[in-house]
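Asker: Fit chain R to the known structure of chain V by using the hints.
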Amino acid sequence: MDLMNKVKLNRREFVQTASTAAASGILLQAFGAKAHAAANDIIRIGVIGPGSRGQELIRQFLHLPDAQITAVCDIYEPRFTQVDRLVGKTVPSYRDYRELLARKDLDAIVVSTPVSLHHEHALAALRSGRPVYCEKALGFTPEECQGLVNAVDTSGQILQMGFEYRYAAWIQKSIAEIQAGKIGEPTHVYAYWHRNNDWRRPVPSPGLEHLINWRLYRETSGGLLTELGSHQIDIANWVFGEQPSKVIGTTSIVKYHDGRTVGDNVQAVFNYSKGRRMFFSSLTDNAEVGNQLWIYGTEGSVQFTIEDATFYYEPKKAVAAPAGAEVVQRGITTGASYQTKGEMPYRGAGEKVQVENAEDPTLAGCRAFLHSVRTKEQPIANVHVGFASAIATVIGNRAMYDERSYPIPAMRKA
Amino acid sequence: MGTTFTLYLYATDKQTADAEAAPAFEEIDRIEDLLSNYRESSELSRINREAGQGFVTTDPETFSFLKTSMDWSARSQGAFDITVGQLMKAWGFFNKRGRIPTDAELEILRKETGWQKIQLNPATRTVHFTSPGIELDPGGIGKGFAVDKAVAILRSEHVASAMLSAGSSTIYALGAPPGQTGWKVMVPDPLDPGHALSTVTLRDTSLSSASCAEKHFILGGHLYCHIMNPAELRPVEGMLQVTIVDPSATSSDALSNVLFVKQPVDSRRFMQSLPGDRAFIISGTKDKAVCHPIHWQDTIDQGHCTMENGSHE
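Sequences listed follow chains V and R, in order. The first sequence begins at 1 in the working numbering and counts up by one. The second sequence begins at 1 in the working numbering and counts up by one.
Check the hints yourself; a few may be wrong.
[As the list claims (entries may be wrong)] Some chain R residues close to chain V (C-beta under 7 Å, calculated; not the full set): (1) Pro23; (2) Glu40; (3) Ser41; (4) Gln53; (5) Gly54; (6) Asp59; (7) Ala152; (8) Arg155; (9) Ser156.
In case anyone wonders, no lab produced these hints; they're calculated from the structure. Cβ coordinates follow ideal geometry from the N, Cα and C atoms, glycine included.
The following block holds chain V by itself, in its conformation from the complex (with noise of 0.2 Å):
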């Protein structure tokens, strides 16, 4: 008897964000292991936890001449076959992230590992001298996040956050808009990150579950307001100059009852000053709107999404222009002067924002790291704006599980 069934499926939209990277729970120790990367000279990275974020970080590395994926580390070691065939040759691996740290031929390390693991791994890679590409989240309490505050001040030592967005070419000129006040003052940030699928990734067998499925245990993961939502409140407080200061929120599981303790959908508000508001979505059971992130002002509005940003405007109101100011038409019109119709959504064309180089962010987030590897500038995203989304997403948490508001601390000086 035939009780297979014929199944057809069609092609989803799915965002790579977050890592399947497993690796060592060993304790902290601190190495003197350095080395110094000169002006011309490639630069080797060490990649802890080579999962698939961690493998997409590798894959830009490759498509910079100066950067060499020199050592990489896990836990899970069919990891290494596949970095191999990424690279294109075999790489030197490692299960223990101090014996990785112990190379002396390593100019930076890379951090891709569960977000539970981040401040480990993090702080001995910059306790034995490198620079640290750190993705997101930074820490995992808050004392985590606070501690790698601390370590990268009293140091100088970089780290640069896995916060693509912040080098996005498209995303930088439209913050450089809003601050001019193209959409007036803006007063609140709707961000959307919707999926439809489970969020599992295939497990070989059942006793990897939780080695594999990280994201989906409050022990190992934040959940979506961690591995997706932390992108979102860093372009939130990016436009509004600060961290938030308190957060409301609510999780629940209402499709995927499969054992994970983290919720399959979020939804959280965050306080900012001046009565200014965020609000955080995340769906994984309707991906009509995908992730989009909209910055409404008091004149004006923004999407943003992984690809583009689009600009939108009130009605006009009369505004008197300086004496002898120039009036210069824009471009589109459609998106500088529509009219909406009672209370009906705009339905029409927006100003797309116009940009020379729109490059993949992540490498244009990897390219960066190199620049600051060599000159020791700190980067954009540096550890100060990797605290203050972690602990926006560590406190938004605990109010979500405990359906409570909470006050979000602020960063202490080191």
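Answerer: Chain R only, in chain V's frame:
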């Protein structure tokens, strides 16, 4: 690529099917991120932007994709060519607004087209265009490349029976449906698409088709096909449909273009170098179709096309 990928597979329940399909679709998304010329942030778009000015370092996977494309160009003496990006734009296929370029435009296009203007250096993994303005268009091979990658994922998950179709133009049959010898795929009559000219059974192999049926424009009563003859800088004329079976989807995708561009008599000679491959070429016009089977083993409905003289396979 902007194509709808459809995956058919056998599983005990929908949940298992979803779990098996997700990594394959994810792989397709990854390849789209790498190779789409509609996404400005893709690696291929970056190469298009920068390789005219200098040497662009790329990753081994993208490099191997370009190398494979170049190999097919060399092997087909330019019938297959991924440098047709500017040609596709000039003829209006990129934004779906068909037009005929002027002679002056064609003169410029001559300089901006040609696979021999791409330099690949495997030692440094660099790409360089020796002539500015070159634009790579993955249209003739990218879908096949994505299908092969996704099938590799299915195999690694030990999926025994699946069929993956990239917009129906490139199909891979993995294993066979339970109790059957393979996956049945219909070769449609280009002049009457509801009618099957031949039906093939595929197992662990791929089938690609090229035809003008879906992408073309009509101007002054003439149909202009989206498949370019790179040497002539214009759409191919006199060809209706090509179908080819090859174990690699990347190869069958590229080969479907080669056979579409070449004259059938040249294709027949070319196919001598691919003794294991089967091809079914239909040339002609909307009034008269001529069938040219090459190594084709399946029955052909001869009531719908005239067989090529001397074709007794």
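Asker: Going through the earlier hints one by one, which of them does the structure break, listed in rising order?
Answerer: 4, 5, 7, 8 and 9
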